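**Student:** We have chain A; now place chain B onto it with these hints.
Chains as they are written, first to last, in the working numbering: chain A, 499 to 818; chain B, 499 to 818.
Calculated directly from the structure, the hints in this document are not laboratory data. Computed from a predicted structure; not experimentally measured. Keep in mind that a hint or two might mislead.
Where chains are identical, the list cannot tell them apart; a pair therefore holds if satisfied intra-copy or between any two copies.
As the list claims (entries may be wrong) - Below, in silico cross-link-like pairs of lysine-lysine (DSS-like), each with a Cα-Cα straight-line distance of 25 Å or less:
hint, residue 1, residue 2
1, 768, 751
2, 736, 780
3, 735, 577
4, 780, 751
5, 577, 751
6, 693, 784
7, 785, 804
8, 804, 751
9, 532, 562
10, 693, 780
11, 811, 532
12, 693, 736
13, 693, 735
14, 575, 532
15, 776, 693
16, 577, 776
17, 785, 693
Now for the letters of each chain:
Number of protein chains: 2
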Amino acid sequence: MKPIVQCVPNISEGRDLDAINYITEVLKNQPGFKLISVEPDKDYHRSVITLIGDPEAMIEPLIKFYGRVLEKIDMNKHKGEHPRMGAVDVCPFIPIADVTIEDCVSYAKKLADRVSTLYQIPVFLYAKAAQSEDRTNLPDIRKGEFEGMREKLQDPKWTPDFGPSVMHDTFGVTAIGARIPLIAYNIDLGSDDEKAARFIARAIRQSSGGFAYIQAGPVFLEERGHVQVTMNILDYKKNPMYRIFETVRMEAKRYQIEVTGSEVVGLIPKEALLDSMKYYLKVEQKKFDPEMSMDDLVELSITYLKLRDFEPKKIIEANL
Amino acid sequence: MKPIVQCVPNISEGRDLDAINYITEVLKNQPGFKLISVEPDKDYHRSVITLIGDPEAMIEPLIKFYGRVLEKIDMNKHKGEHPRMGAVDVCPFIPIADVTIEDCVSYAKKLADRVSTLYQIPVFLYAKAAQSEDRTNLPDIRKGEFEGMREKLQDPKWTPDFGPSVMHDTFGVTAIGARIPLIAYNIDLGSDDEKAARFIARAIRQSSGGFAYIQAGPVFLEERGHVQVTMNILDYKKNPMYRIFETVRMEAKRYQIEVTGSEVVGLIPKEALLDSMKYYLKVEQKKFDPEMSMDDLVELSITYLKLRDFEPKKIIEANL
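This is chain A alone, in the form it adopts within the complex:
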């Protein structure tokens, strides 16, 4: 079997659809892997791109993709709700089948080497590909963001792993890495109260005493007119979605705020949804069938987690 990985580059452009199309064109209809989705977000001013397939086949198209991003995105003009340090802000390889996390580290290094040499872009290796402990956590690398990166790189502690040790003027820097699947999950609050969203984010995130393996923050979605608790679930086996969803709902009650929906950005492992549906079905004393169809799983997830814009192809396994 050929190895199957997921690769999820995030670019700092979520508004200009022509530019996004031009950039992602080089990832379409390529042999060996599929371009599963391109998810632009206007408020975040960021797009999440998902590829699945043979990592060897992805490398050359990804190099072209970095080239097109370099052409189209000038970080000096970028302003959005999501923290970012570069035009391709982050590009992780995630093992799916017949591949180890160590293999993914190798693909990350290969891409980092090529991209840094060809375009003179500084690259940080992060997560499982990190070369030192203090580069494991992406937010630590990204701290200071694009605007602070020029100065940050002058500190020998932050010499990039590949490429020049000065920031690229328009691109900034990029992080390439390998990690286990995480779930990028956002919970919608029926309110525009940013203070409430901040309090709730603090209640659930590890860094302020909440759940382990959860990174979370508040965000106001101007386009949609409400606040959201945006999060990464770093280990969905340790912290299932239902637990976070219900805890957010419980905390929101003190503000008389309803949880109005939630969304998964990028893909989600089937197991994560099954695990949460098991909770809700058991609560309601209904039969839980672990072999249920993808369509049933999607329907239940929309019912219980109020998932919006959700369809079978958001589930990793539906794309294999």
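**Tutor:** Just chain B, lined up with the frame of chain A:
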């Protein structure tokens, strides 16, 4: 002002009330501090003793107390639901007023020195009094329990901080330390399902992905005929009681189990209760008065957290 500390020795005897009376007699009616409570638990086979007052005045009576424990408790015969490594399993000093945590470390060392010399009991300094990182966490020191302590002490890594480096035959070893106030909190489940209690404990405790600052485990209370999630809330400012209580309630639903009550072992800071009452009153859109009387606070806490055996003198501030 004289310094005020709380001192909370835990002894491995929760059944023989005559023995407990004999042991605690030396702490009664002493100048400078009060014996606030003695809480024996038959299932845990353990008693939690709470003193409040001037730490200087506590030292001599505590030495006598260790002597009486040595007389009465033989750990070779001890079997209970709570992990333990010695007859006085643990003895922490906790700053309350006009005293620093560093002062409490000094009192801990003073007591450790005296007790180890007089009775030939090995002493580990723990929490803020720990002399190395790996002795900060009490469960790490206690691992192996009384039965495994003789062998554990042969490892140079576990040479006691005071006293002989061989275990006392009947007493075992003791941990003396200094720490900020924690809340020993137990939530009752209306069920005898230990598997469910274990699952729920795992869902809330830090070590398996739950909330930071929470240590928790399952326990079956034979006397009462139900299971309980027993926990330490290590930082109640980061993880308020209501959050834990409601999360346990949410997780219990999948087993169709009700949360039937909860209990605070030892004392609790007033602020911790106020903070949780604020949540419940805000949820119900009722007025929250931070200056409410102790009696009102107790009544509300019994209503919302289903606290049992709760009275004003369980609140630290009511004893000052």
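**Student:** Next, verify each hint and record whether it holds.
**Tutor:** Comparing the hints with the structure gives:
1. Taking identical chains as interchangeable, the C-alpha atoms of residue 768 and residue 751 lie at most 25 Å apart only when they sit on different chains, with a minimum of 23 Å there against 30 Å within one chain.
2. In this homomeric assembly, residue 736 and residue 780 come within 25 Å of each other (Cα to Cα) only inside a single copy, at 19 Å, whereas the closest approach across copies is 31 Å.
3. Taking CA atoms no more than 25 Å apart as the test, residue 735 paired with residue 577 passes in neither setting, with 34 Å inside one copy and 35 Å between copies.
4. In this assembly of identical chains, the alpha carbons of residue 780 and residue 751 lie at most 25 Å apart whether taken from the same copy (24 Å) or from different copies (8 Å).
5. With identical chains, the CA atoms of residue 577 and residue 751 are never at most 25 Å apart, being 32 Å at best within one copy and 44 Å at best between copies.
6. Taking identical chains as interchangeable, the C-alpha atoms of residue 693 and residue 784 lie at most 25 Å apart only when they sit on different chains, with a minimum of 20 Å there against 38 Å within one chain.
7. In the homo-oligomer, the alpha carbons of residue 785 and residue 804 lie at most 25 Å apart inside one protomer (20 Å), although the nearest pairing across protomers, at 32 Å, exceeds that limit.
8. Taking CA atoms no more than 25 Å apart as the test, residue 804 paired with residue 751 passes in both settings, with 17 Å inside one copy and 19 Å between copies.
9. Proximity of residue 532 and residue 562 under a CA criterion of 25 Å is satisfied intra-copy only: 16 Å inside one chain copy versus 75 Å between copies.
10. Taking the closest pair of Cα atoms, residue 693 and residue 780 come within 25 Å of each other only across two copies (15 Å); inside a single copy the shortest separation is 34 Å, beyond that limit.
11. Taking the shortest alpha-carbon separations for residue 811 and residue 532, only the intra-copy value of 12 Å comes in at or below 25 Å, while the best inter-copy value is 66 Å.
12. Taking the shortest Cα distances, residue 693 and residue 736 sit within 25 Å of each other only across copies (17 Å), while inside one copy they are farther apart (28 Å).
13. Taking CA atoms no more than 25 Å apart as the test, residue 693 paired with residue 735 passes between copies only; the shortest distance there is 18 Å, against 30 Å inside one copy.
14. Taking identical chains as interchangeable, the C-alpha atoms of residue 575 and residue 532 are never at most 25 Å apart, the minima being 31 Å within one chain and 66 Å between chains.
15. For the identical chains of this complex, residue 776 and residue 693 are inter-copy neighbours only, at 17 Å across copies versus 33 Å inside a copy, given an alpha-carbon limit of 25 Å.
16. Taking identical chains as interchangeable, the C-alpha atoms of residue 577 and residue 776 are never at most 25 Å apart, the minima being 40 Å within one chain and 38 Å between chains.
17. Taking the shortest Cα distances, residue 785 and residue 693 sit within 25 Å of each other only across copies (20 Å), while inside one copy they are farther apart (40 Å).
Checked against the numbered hints given earlier, the structure breaks hints 3, 5, 14 and 16 and satisfies all the rest.
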